[in-house]
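Chains as they are written, first to last, in the working numbering: chain A, 1 to 252; chain B, 1 to 257.
FYI, nobody ran anything at the bench for these hints, they're computed from the structure. It is possible that some hints are incorrect.
[As the list claims (entries may be wrong)] The following residues of chain B were derived to be distant from chain A, with all beta-carbon distances above 10 Å:
hint: 1; residue: Leu67
hint: 2; residue: Val116
hint: 3; residue: Leu195
hint: 4; residue: Ala244
[Claimed, not checked] To spell it out: a stretch of chain A is covered by chain B in this simulated footprint if at least three of its residues, at any positions, have a beta carbon under 8 Å from a beta carbon of chain B; those stretches are:
hint: 5; region: 72–85
hint: 6; region: 224–233
C-beta atoms are modelled at their ideal positions from N, C-alpha and C, and glycine is treated no differently.
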Amino acid sequence: MKVKLKVWRQKDTRSAGEFRLYETPDLNVNMSFLEMLDVVNEQLTLKGEEPIAFDHDCREGICGTCSLVINGKPHGPHRGVATCQTYMRSFQDGDIIIVEPWRARPFPVVKDLVVTRQALDKIMQAGGYISVRTGAAPDANSIPISKENADLAMDAAACIGCGACVAACKNASAMLFTAAKVSQLGLLPQGQPERYRRVKRMVEAMDEAGFGACTVTGSCEAVCPKNISLDFIARLNRDYLVASLKGGAKHG
Amino acid sequence: MISLWRMLNSTVGKKYLMALSGAGLFLFASGHMIGNLQLFLGPEALNRYAHFLQSLGEILWVIRLGLLGLIVLHIGSALMLTLENKAARPADYSHGKPPFAASLASRTMLGGGVLVALFVVYHLLHYTVCLKAVNFTGIDFAHLTDPETGHHDVYAMVLYGFSVWYVSLFYIVSVGFLCLHLSHGASAMFQSLGLRSHAWWPVISKGAMIWSVILFLGYSVVPGSVLLGYGRSYLENLEKIQSAASTPAEVTSKEAH
Ligand code: HEM
Ligand code: FES
C-alpha cells in the first residue's frame, strides 16, 4: 500500500511551521505508523532532506512518549491505543493522512511533530508524590487496602502522561492527566497525609502552566490510550472542594 | 478566607460557580415551565397565579435580584473561563474536524448561552416590562385587565403575544437553544461539583437529556398551541366586551340602522 502524508514541519519553536505533502513508497500493511515514518525519513535522508522529527521511545504503548494527531484524533483511529501501537492496516491504500503535533500553549513545538511536555512534569513536581521514609521494601499486604480502591488506583495509575487529553480537548485542559495523578495517590492509604495539599498544589500548577478548564466534552476520555475515565475528574473536583473548604495554612 | 479566594481564582473553582449558578437557573427554568403550563387550565388559573406572583411585593424583588445575581455569576464565570480556554490553544489544528467525540451541545455552550441571554432580554421586555413596541400587535399589554377580577389579564396577553407567528417562532427556536445548552449543562454541573460516580453517570447524563426534551416540549407547546388557534374564542369574547364598553355611541348608532 501507499499513502500520502500531510505533515506539519517546523524548524524550531520560534519559526513558523507549515504543512508539507509526502508520498510514501510501497508499505507493508503490518508496519506500525512510526515504522512508516521511519521509512519516509530514510527516503528523505537519502535525498539529503531533513527527516521528520517525531517523539517515540518504547514503541510498545507504555512510556507515553509517542504523540501525533492523526486525521484529527490524538494517537490515531483506535480507542485505547497509542500511536506506536497503530498499524498501517488501519488505513486504506491511497489515503491522505494529516499528521500534526499536540497543540496547546503549555506544549510549545520543539521541532516538527515534537513538543515539550515539561508542563506535565511541573504538575507532578507540585504534588504527584508521597513523603515516606525510604528503606527496605515493606512486607506485602502490611497495609490493608480495599479491592475496590486498589482497582481504581490501578486504573488511574495506568496514565502514561502522554498528554493526548490536552491535545484532544477543545480547551487544551490537562484535567484528565491531573485527575489521574491526584487519584492514584489519593485513593491509597499512603497518599492520605498529603491528600488535600496535593490536590490544591497540582490544580494550581496546572492553571499556572496555562492549561484550560474542563467543559466535560469527554474528548480526553475518548482519545486516552489508557482509557482513563472522566470519573477521576469528578473525584478531583470533589477533593479540591473539600481541600478549599478545609483551608488553613497546614493544608496550603 | 484566603483558601476560598484561591479556590475561586482557579479554573476548578470558577467551574463550581458556573455549576452552582447554572443549577439555580436550571431549577428556575424548570419551575417557570411548569408555571407556564397553567395556560391550559384557563384564564382564572393563570391570572390567579400571575396575581399571586405580583402580590409578593418585596419578596418578588428579592427573587428577581437573586436571579440577576445568578445570571451575572454564570455569564461572568463563563466569559472568564472561555478567555482562559481560548488562550490555552493559540494555534488551532488544521484537520478541520470538531474536537473528537465532543457533542454539539458541549461545543456550543458559549454561543448558545449568548443567544439565550439575548432571548431573555427580549422576553423580559415583551411580557414583564410590557414594552408595546416589541410585541408587534399594537396592543398595550400593560393595560389588559381581566373583566372579572380587574387584575392584569396575563392570559389575554399571552394569547395576543403568541398570535404573531414570528414572535412565536422566535420563542420556540430560542427555547430550543436553551434546551440544547441544558442537555449538556444539566449533567456537566454534577461533574463540575464532583457529584458523580461510575454507576450514577449514565443516569445523570441521560436524565439531563430527557429533562431537556421535556423542557423544550413544555415551553414550546405554549406558543405552538396559540398559533394553532388555542384561546381564539376567549379573545373574540374579550373584544366584544371591550367594544361594548368603550364605544357605546358607535354601538347605539349601529343599532339605530
Ligand atoms: C445567559 C447566557 C448564558 C451563557 C453565556 C452561558 C454560558 C455557559 C457556558 C459557556 C457553559 C460551559 C462552561 C464551560 O465551558 O466550562 C455553561 C454551562 C452551564 N450553563 Fe449556561 N449560559 C447561559 C445561560 C444559562 C441559563 C439560562 C441556564 C439555565 C437555565 C444555564 C445553565 C447552565 C448549566 C447547568 C451549565 C453547566 C455548568 C457546568 O458545566 O459545570 N446557562 N453555560
Ligand atoms: S512510544 Fe512509548 S508509548 Fe508509544
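Taking the hints in turn, this is what the structure says about them:
1. Leu67: holds, 24 Å
2. Val116: holds, 17 Å
3. Leu195: Answer for leucine 195 of chain B: violated, closest chain A Cβ roughly 7 Å.
4. Ala244: holds, 59 Å
5. 72–85: Since three or more residues must qualify, the claim that chain B covers the region 72–85 of chain A holds, with 3 doing so at under 8 Å.
6. 224–233: holds (count 4)
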